[in-house]
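Protein sequence lines correspond, in order, to chains P and A. Okay, so the first sequence: first residue is 1 according to my numbering, each after it adds one. Okay, so the second sequence: first residue is 1001 according to my numbering, each after it adds one.
FYI, nobody ran anything at the bench for these hints, they're computed from the structure. Treat the hints with caution; some may be incorrect.
As the list claims (entries may be wrong) - So the derived label-pair ranges between C-beta atoms look like this: (1) LEU249(P) to THR1036(A): 17 to 27 Å; (2) GLU1127(A) to ASN359(P): 23 to 33 Å; (3) ALA1138(A) to GLY29(P): 38 to 48 Å; (4) ALA1142(A) to GLY223(P): 48 to 58 Å.
C-beta atoms are modelled at their ideal positions from N, C-alpha and C, and glycine is treated no differently.
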Amino acid sequence: MKKTLFGAGILLTVALALSSCRKEPFELGTAVNDSFHVENGDYLIPVLVRGNTASGKILLYIQGGPGYASLDFAHIDYPEWKNTLEKDFAVAYYDQRGMGNWQGQYSQGDNVSATWVDDLSAVTDFLSTAYDADIVMLGHSFGGGLMYEYMIAKGDAATPVAFIAVDAPVTTDSEQDTLRWKFRREFLWNTAQLELSRGRRVEQWEEVVDWLNAHPVIELLPGDNEYELMNQWNEYVEDLVYIDYPEKLPTVGQYAKVAFASRYNPISYLSGRYRGEIASRILLEEMVVPLTSQLGEITQDLLIVGGRFDDICPPEEELYVFDQVSSANKEIHIIDHAGHTCYTDQPEAFYEIIKTYLNQ
Amino acid sequence: MRTFILSLLLSVPFLSTAQQLRPATVDVAYFGETATHPGLKVAATYPLKTWTKTKDKRGTEITLEKRIELSPNLGFYHHCHFQTGLFSIPELAYTRLKPSGRYLSIGLGAGYLGTIVPEVYRLHGSEWERSFTTIHYAAASASLTLGKDRNTVGTGKLNTYFKPQCIYAFPGTPRGVWYLALEVGVRFQTLGGHKN
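Just chain A, same shape as in the assembly (with noise of 0.2 Å):
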């Protein structure tokens, strides 16, 4: 738990208010443990680098815009009978964006996963009795993102992305545990910040 809260603490600063620290863009997304097992997660993105390149492509010029961004974020996850996952993994991600407005972003992640156990009993003596049991690990995951800017024309405040990952939990038996989870969210972006 003490992991969690320092996890937060140092998510705080870039959540917090101040116009210097505002995000460029807010993510919110379903976020599914093995894709079926529902949660719900959200982030906020600071763009840390930002340069262009322009390229010659069949005799068209284009011009790609590419980001170094990190991500603080926040969510959970609940597998029915297994556990319940609440974790904050900030993300360190490379991002390609096309005129098109469609981007690919390739992230790593390290943070803090805990989870809830439900249903555990203990029997003592003749008599059984409940308990409330929560695994500490550390995280690291692994992620690619598909996204497409579906209002580029007008005011360029929102997009869709699809995200699939992987986070590897430790420590555990024998060394560690892995997950598979699928993103799947919307991107708002702020006032002030940029297009995705």
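Isolated chain P (complex conformation) (with noise of 0.2 Å):
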């Protein structure tokens, strides 16, 4: 008893000896992969940093969704940066709040896209500090949103050298619905131009076109089929574009890796009503904030990145925001044979766009 005893006293001591091994932190290095928390207020935000710190300039990935947890996402190398963009700088991933990691309790404040705002910032400062380097922020999709609010929000006293938007709509709120739809349907309408001219599904496409021809604007109707043009809308969506470029589903091994060596609790994540209620309150907040109307107060430098068969924000939607910022340097880059994530669909494009920008 006293022997089992003495034995378990001894594993315990050195399992936490070894478990307080570490390096000095935030040393710079090619190849580094730093795991820590950035204490905001009551909330402990998980970051990553992998890559190559030595270059000077670390890029702040914001996770999209709302409600994925970023830190799978580059557990796995979901986006498969690995070997491209984190040879040459490095990312840095962190968990938006409540989406991944579950430590203590935490509020979400009264407005949670301006909660999150605010844990950008903090993350952003603190890299900016721990590594002395320039920070570039690269959002996609609903995070090129918030990285949009943080630039309006900041403005001048931003702390990034620069902002890369990759696939960010802008028109989630309600009163902009007239405009989502008429980009959705000049998107559409592109897309059929495009596709015909090189003979891909040509009687598909015409069709298309027809319709689109009786239809010059996609709106509600009245009576009781209220939503039947969106709905065609989706469907030929569904069938002629999303088909070509459907989102990268994770492997059976990627799921595997994240339910049992992830860098949080994966029972909370995968128990998240919590992370649905979260998301609900965003879009809700988003139906309310003008984001369109207050684009010409982005004044950063911005870099545009988008997939020319986006149907979730497309290249129309991207180049009115382009028209939009008061950026006096700003870029945009429609790439082609992409769709949502235009990082997975055409990865050495987006990889070379994305080094071709940092390194001016």
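Two chains, each in its own frame: build the complex with the hints.
Following this line, the structure appears as structure tokens:
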């Protein structure tokens, strides 16, 4: 009995000692893999910095969704940046509040988006200080919208030296419904012309063109079937666009990696009715935040990247954003043969655009 | 931390060397949070009530031993980059032992879980500083144990067991935090204790 307890005590001591071993924090290197938490009020923001911090540039990735776990995204290397962007620069990933990491008690505040912008600001400032690096934000989809909110809120006081919006829609507020469907109609029209010029699915695309000619505006209809035009648009996109550019699905091995080797407790994430509640709150908040009317307040350096076949954030909408922002230094690239995750659809083209931009 | 100390103090009498409080068995187990994040757990078992039931199975009379047991325990796990958990979740279990030495237990526990969050930093002006961060939870557990006496014929002093369990730690956001854990261990019979 005494021997057993003694042995257990030795094991406990050794394990605790091993768990506390670590190199000096935030040392620069060409292949770092740093995990830590940034304290922001009542929340501990989990952060992973991976890649080449010696480059002096850190891309801060802002996850889309809302509601996806960014650390898992990095853990399984979903975007496949380990052998591209992370060789040239460092990429920082962080979990948005409550979306993955589940420790202790914290509040989402009265306005979730504002709280998340504050977290984003805390991570940005910390990375800049700890690594003495230039920070470049890279927001995908919803993450791009959150990045725009940060840019508007911070103005000239923003820490990053540049911003990259990838497939990032702005017409999420209800008053912009008309504008959103204007972009979507233009998207379908332009896609039809492109596909017809390439001789792909000619018969179906000619039907789309006829339908678009018959409906110059996509809007709600009076009567029982008020969403008829929107539903028809969705059907065409599902059948003719999305099938070629579906979202990349993680493999069984990647799911297992998340379940058994995740950097947090995946049980909380999987039982995450809470995540759904927060995502719904954010989407409701977005419906009353007129982001489109504030785009002119954006003055920072901005690169917009989109997929030509992105039905969630059509390139027509990205061109609108490009025209609206006041940035003196702005660029836009629309990648052909790419959908809403242009970085997985055309990884080489995406990598070249980002690399060239960051090396300017 | 006060809750943890209180749990330990509550557990200490059971682990004392007083002859009448000597545990019937002592468990030493690998404790894996989500199975793969390693830890260690030590528990002592005190039978509160023991009775037998004889029943006829295909013409053969078999005697089942049944017990209500109390198991104070102490353990930890280390989940790299996430947290190190220290816990004491005393468990009340109902055990059913077959003559073959196989047994099954269903247990419910209540106690304390404290977590140490690694690598926490805060920005203080233009400097960063490290912060030692711990989070304290009350914890409830439910478990199922499948065990087998490995030495029934001989001295009867050792068996092995497999124990999946879930733990609910609270308060947390939004209400609490769920954990799944797997315990695989050996159970030692102490001198004067029962068979398993």
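Quick rundown of the hints versus the structure:
1. LEU249(P) to THR1036(A): 17 to 27 Å: Hint holds: Cβ distance 23 Å, inside 17 to 27 Å.
2. GLU1127(A) to ASN359(P): 23 to 33 Å: Holds: the Cβ-Cβ distance is about 31 Å, inside 23 to 33 Å.
3. ALA1138(A) to GLY29(P): 38 to 48 Å: holds, 42 Å
4. ALA1142(A) to GLY223(P): 48 to 58 Å: With Cβ atoms ~54 Å apart, the hint holds.
Violated hints: none; the structure is consistent with every hint.
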